[in-house]
Structure formats: structure tokens, C-alpha cells
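Participant: Chains V and S, in that order, are what the protein sequence lines are. Under the UniProt record's numbering, the first sequence is numbered contiguously, ending at residue 287. Under the UniProt record's numbering, the second sequence is numbered contiguously, ending at residue 364.
Misleading hints may appear alongside valid ones.
Unchecked claim - Computed list of chain S residues with no C-beta within reach of chain V, every gap over 10 angstroms:
#1 D24
#2 E176
#3 E269
#4 S284
Claimed, not checked - Just so you have them, the derived chain S footprint on chain V, three or more residues with Cβ under 8 angstroms:
#5 189-195
#6 206-212
Think of the hints as simulated: they come from the structure by calculation, not from any bench. The C-beta atom is built at its ideal place from N, Cα and C for all residues, glycine as well.
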Amino acid sequence: MVAVTPILETPQVVPPARRPRRPKIWRGAVLGIAAIYFLVPLGASFWYSVYNDQQGFSLSAYLDIFSAEGFGTSMLLSLALAVATIVLVLGLTLPAMLAVRLSAPRLGPVLEVICTLPLVVPPITFVAGISMVLRWGPDYLAATPLWGTLIAIQNETFPVVLVLAYVVLALPFVYRSLDAGLRAIDVRTLVEAARNLGASWPHVVFRVIIPNLRTAIAGASFLTLALVLGEYTIAALLGYRTFPVWIVTISGANGQLSVAVSILSLLLIWLLLLFLSSAGSKRRSTS
Amino acid sequence: MTASVEFRGLRRVFGSTTALDGLDLTIAPGELIALLGPSGCGKTTALRCVAGFETPDAGAVLVDGKDITRLPANRRDAGMVFQSYSLFPNLNVRDNVAFGLRVRKVPAAKRHARAAELLELVGLPTHAERYPHEMSGGQQQRVALARALALEPRVLLLDEPLSALDAKVRVTLREEIRRLQLELGITTIFVTHDQEEALSVADRVAVLRSGRLEQCGPPAEVYDRPSTPFVAEFVGTMNHIPGRLSGNEVTVLGQLLPVDGPVPSSSSEVDVLIRPEAVLVTPSSEGSAMIVASSFRGSSARLRVQLGELEVLSDVPGHEAMRLAPGTRVSVSLVQRPVLVAERTAAVPAVQASAKSGNPAGVS
Numbered sequence: 001m002v003a004v005t006p007i008l009e010t011p012q013v014v015p016p017a018r019r020p021r022r023p024k025i026w027r028g029a030v031l032g033i034a035a036i037y038f039l040v041p042l043g044a045s046f047w048y049s050v051y052n053d054q055q056g057f058s059l060s061a062y063l064d065i066f067s068a069e070g071f072g073t074s075m076l077l078s079l080a081l082a083v084a085t086i087v088l089v090l091g092l093t094l095p096a097m098l099a100v101r102l103s104a105p106r107l108g109p110v111l112e113v114i115c116t117l118p119l120v121v122p123p124i125t126f127v128a129g130i131s132m133v134l135r136w137g138p139d140y141l142a143a144t145p146l147w148g149t150l151i152a153i154q155n156e157t158f159p160v161v162l163v164l165a166y167v168v169l170a171l172p173f174v175y176r177s178l179d180a181g182l183r184a185i186d187v188r189t190l191v192e193a194a195r196n197l198g199a200s201w202p203h204v205v206f207r208v209i210i211p212n213l214r215t216a217i218a219g220a221s222f223l224t225l226a227l228v229l230g231e232y233t234i235a236a237l238l239g240y241r242t243f244p245v246w247i248v249t250i251s252g253a254n255g256q257l258s259v260a261v262s263i264l265s266l267l268l269i270w271l272l273l274l275f276l277s278s279a280g281s282k283r284r285s286t287s
Numbered sequence: 001m002t003a004s005v006e007f008r009g010l011r012r013v014f015g016s017t018t019a020l021d022g023l024d025l026t027i028a029p030g031e032l033i034a035l036l037g038p039s040g041c042g043k044t045t046a047l048r049c050v051a052g053f054e055t056p057d058a059g060a061v062l063v064d065g066k067d068i069t070r071l072p073a074n075r076r077d078a079g080m081v082f083q084s085y086s087l088f089p090n091l092n093v094r095d096n097v098a099f100g101l102r103v104r105k106v107p108a109a110k111r112h113a114r115a116a117e118l119l120e121l122v123g124l125p126t127h128a129e130r131y132p133h134e135m136s137g138g139q140q141q142r143v144a145l146a147r148a149l150a151l152e153p154r155v156l157l158l159d160e161p162l163s164a165l166d167a168k169v170r171v172t173l174r175e176e177i178r179r180l181q182l183e184l185g186i187t188t189i190f191v192t193h194d195q196e197e198a199l200s201v202a203d204r205v206a207v208l209r210s211g212r213l214e215q216c217g218p219p220a221e222v223y224d225r226p227s228t229p230f231v232a233e234f235v236g237t238m239n240h241i242p243g244r245l246s247g248n249e250v251t252v253l254g255q256l257l258p259v260d261g262p263v264p265s266s267s268s269e270v271d272v273l274i275r276p277e278a279v280l281v282t283p284s285s286e287g288s289a290m291i292v293a294s295s296f297r298g299s300s301a302r303l304r305v306q307l308g309e310l311e312v313l314s315d316v317p318g319h320e321a322m323r324l325a326p327g328t329r330v331s332v333s334l335v336q337r338p339v340l341v342a343e344r345t346a347a348v349p350a351v352q353a354s355a356k357s358g359n360p361a362g363v364s
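Construct all of the structure, not just a fragment, from the sequences and the given hints.
Facilitator: Here it is in C-alpha cells:
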């Protein structure tokens, strides 16, 4: 062993000295192309939002955002919808995935297919189906208590029907994120170790599983948040004034303002991402 | 603190495979018993029945005479160390060890003191602040052991705790486990597929095969007087050498040896079971046998010796290996002591013995 190891190791040390230039060039090229692709539209938008021929350079569009009519309510509505969607989608998928992993591994592929399915259904088809049900529902359910429910979920101030729709849309992303997290830890052994030490099931889930899935849960939450803050089709076609719908509405009246809002929301989401990823990776002692 | 454990007619079937097929075994208080067998023999399933991770289809598990078969896992009094690293990755070593105490709402100061005491016991007093990913496999298993002992369980369950470690750590850790076990006097069930591990630490070794108990006894007895041919093959290595019975003696390779144990009644043509270390090899130019292969293992060397149609394995001291190189003509004799006999196997008997040689530790 002693004689063999150095011989095996030397070729690994030598090549980087000879080959470093090429990857660097390629890395730079790829980064540059990606940067142009993403930054040029952003820069153009920003320029559009701060400059026009009559007034010249001005940041007034950004200052107007907060006083614009409908900004606050639509933003709050979208954030509330996002929070509700995150809670519901995690509350559904996490226990389901844990249960499948621990006691019915054979159902794993079934769960995967179900959770990935929304990806292949275009939102427009989805919303057509939903509005059809919402229109037909009352006729058939008029005599039952479900009629009241159907009306309640369409409440203007908090449309639960959107939460339900977003849960379906978010499923593939949440599933992927949690699946990656669960793959990284040996769930069965951790659960058994905790059970063996006297932990009840809730204790196992909240003290052992969730802390070790923090990054995955943060990722899933973030993807859901971004999805809800950017979803236009369903909300618009069902007639609710969420944040993206408001942006589109306002762009007719004030183009600069709508672009300024878009850039601001992009920054907001970006900051949230930074915050979540740093919170997810932080290790701390709990006892 | 310590308790007896009894398996009573334990049966567990997974689909088409029977993991446990009526296992009966009683483990005395304070005893370290090794459950030994090839993979799929049901040893881990038996252990998991004690821990509460498996519910037997039939039969019962009793601890101190009390039936715990239906008790949920978190209310059992058995600490377990797992095969794979099972420390909670988000907690440091101290919190890992104190996890069970935290579940029982022991105050922080008290559980930290207890954790420190246990880390001292497993030889890691300065590692309390570390996280599992910062430690080696052997250290992680030590912490896992401390964690399993933190609640002062009456039974300690070890599910192949050393199989993921490298050879040297494996040996030191198993000795340490034994030392701790003797010190605490805790009833311990040690599942392993490594016969050397089982023989070296256990008070008694229970050999399992297809969910049934083949033999249970002290290590020396299981090795020297295997009660079935399966045990003989699985624990250590056996040569099958054809012999002829005459009363209570057997003629084998021209030697007359006394027979130990039961004698097959069907025929006087039998297989004589001989350990490789009981096959003596001496170089001689007119010897009838020839060494065909030799594998050196440091303290000993295992030789494959061609003897006419027959091939036998012989273990000789390591320093003899030079003298007994492949190609050397030798004469073969057997140590004069009682031997086990088995019914003659239809296949060429020696092949069975030589097939084992590729697998020195008898691991399967």
C-alpha cells in the first residue's frame, strides 16, 4: 500500500498545472453569455423605469410605487396567499413523503408521478377546468352545505381557491426539493434512533426530521413563494387582483411604474432567497 | 438494571421470505450473546423485534418475563446502536448523547453532566462540542454507544455496529464494547455476520440459519463441537475428508481417529470434518501431496494441498510459509484428537472445503 499510493497520487497532481487556461476561458465565456442574457433585459428595464424623453433621469417611478392605488392590498394579498400555500403544501407533502419512505417504499414512484403531474398540465388548461367547476358547482350543489363552501372559497379578500390551485402548481417543486433533502439523510435510521431513545412521533418529526431538512424546506418554501408572487394566468382569469395582476393592470396607465414595481419585486425575492439560504445552512446548538 | 430476554417461538414473514421461523432463545441477565449467521438468516429481524421496529407475526419477546411484543418502540427499555451512522446530524455530540434525557425532560445541567460522564466512558471526553460530520466512523459509533447507554437501559442492542469501520478500529472497538459491557453488566445482544467478532467478544454465540437457531453455546464449544454441518461450515473453515467408520473410530488418510458426537447410521462411508489448523503438513521429497497455493496472513498461512483427487486446506504458522511454498512436495497427517463426522456429501467433498478458501474470514 505504502509503495503504491504515491504513484497513484502523482498523476492527479500534475495535470492541473498544464491545463488551467482552457477551463478558465470557457468558464468566462459561459458566465459572460449568461450575464448578458439575464442582465441586459434587467438593465433595459431599469433604464426605462428611470428615464424618459420629457423628464430625463428621475427616480420618481420608484417613489410613486408606495402611493400607487392597489399596491399595498395586492401585495399583501399575494404574500398572504404565498404563506397559506407554503403551509398547506408542506403540510401535505412532508407527512406523505415520510410515510411513503418509512412504511410503503413501493408507493414512492406513484407519489412521484402524482407530484410531478402538474408540470405537464398548462396553467391555462388548469384554470379552464377550475372555472368550469366553479360555474357548474353551484347548480348541482345548491341544496347541500357544500354550496356555502364553494362561495366561501371564492371570497374576494382571501380567495382560498387560489391557494388550492397554487398548492397543485407548487407540488412538483416542493416534491423535488424535499426529495433531495430526504435523500441526503438516512431517514429510517434517524427515526428509529429517536424512537429507541423514547421520542414520540411528533417529537421525531419536529425535533429530528424537520431540523435536518431545514435547507430542503427553506428551498421548497422559497420556490413556492416565488411561484405565487409571479403567477398571473390563474389569478387573472379567475378575476382576483393579486400582485402580478395589479402590475399588468397598472402598466396600461403607467408603464414606468409597472416596470419599477417588477424590478423592486425581483429584488425583494432575491433578498428573500439570500435570507432563506443563509438561514437554511446555519448550524446551531439547540439544547 | 440488567434483565433477561427471551424469544419465544418468534416468527416473521416478509412476502415470500421467512425471516424468523420459530426462533426460541433465552438470554441470561448480564450476558453478551452474539447472533451470528449469513445475511438473511433473521438475526437483525430478531434484534428489531426486541427494539420494537418489527412486530413478529407469531411468538413473543419477553424482557424479565414481561411480554413486550406489542409495546411501542419509544416505551421500551433497550438502547440500540445501529449499523449505519445514526447520530442526529443537526446536534453536537453532547446533545446527541443527551437526546434521550431531553425527551424525558431532564434539566439541562443534569443531562449535560450525564453526557460528559458517558463521553468519558467511551473515551471521547473532549469531543462534546463537535458535530457528527467532524468525526471519524469509529468515533461516531462510540458516541452512538454512549447515546444508547444514556438512559441506563436494561438491554443493549448492537446491530452490526462495527461493520462499516476499518479492520483495526473494528478490533479495538469490539474489545472496548466488551469491556464496557462487563463493567456495566448489561444484557447485550450483538448481531454480526463476522464469526471472528462473535467468537471473540460473546459469552455465548447463537448461530442462526433461515430464521432458526442452529446452535447456541460458548464460543469454544461452537467452534470445536459444531452441532450441525452448517455451523461447522459457517463458523471457521472445515475440510471434508472421506473416511471409513468402524465402530467409534474412523479411518481417515490412513490414520485411526476417535469419533466425537453423533454417527450417521446409513453408511460407514462418511465425511470427516477437520479444521485446517488440525491438518499437519511436513515437507518431504517422497510425500504424496503437493502444495498448490499459499495465502499468507501474517501470523499464519493457509495452504491448499493437493492430495490425489482431494484438496485440503491447512493452516500453518506464518514463519513456516517460506519453507512451505507452492510446488513443495509434502506429507499430510492429522492431529490425533476426536473428530466430527457427517454423512458423505454426494458432490466431490473437497470442493466444498476449497470454495471456502477464497473467503478467509468465513464472511458471507
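Participant: Look at each hint and say if it fits the structure.
Facilitator: How the hints compare with the structure:
The beta carbon of D24/S sits about 25 angstroms from the closest Cβ of chain V, which is more than 10 angstroms, so the claim that it is off the interface holds. The Cβ of E176/S lies farther than 10 angstroms from every Cβ of chain V, with a closest approach of about 21 angstroms, so its non-interface assignment holds. The beta carbon of E269/S sits about 48 angstroms from the closest Cβ of chain V, which is more than 10 angstroms, so the claim that it is off the interface holds. Non-interface call for S284/S relative to chain V: holds, since the shortest CB-CB distance, roughly 37 angstroms, exceeds 10 angstroms.
Counting residues of the region 189-195 of chain V whose C-beta sits closer than 8 angstroms to any C-beta of chain S gives 6, which meets the bar of three, so the coverage hint holds. Interface restraint, the region 206-212 of chain V with chain S: holds (3 residues with C-beta to C-beta distance below 8 angstroms; minimum three).
The structure is consistent with each of the numbered hints, conforming to all of them.
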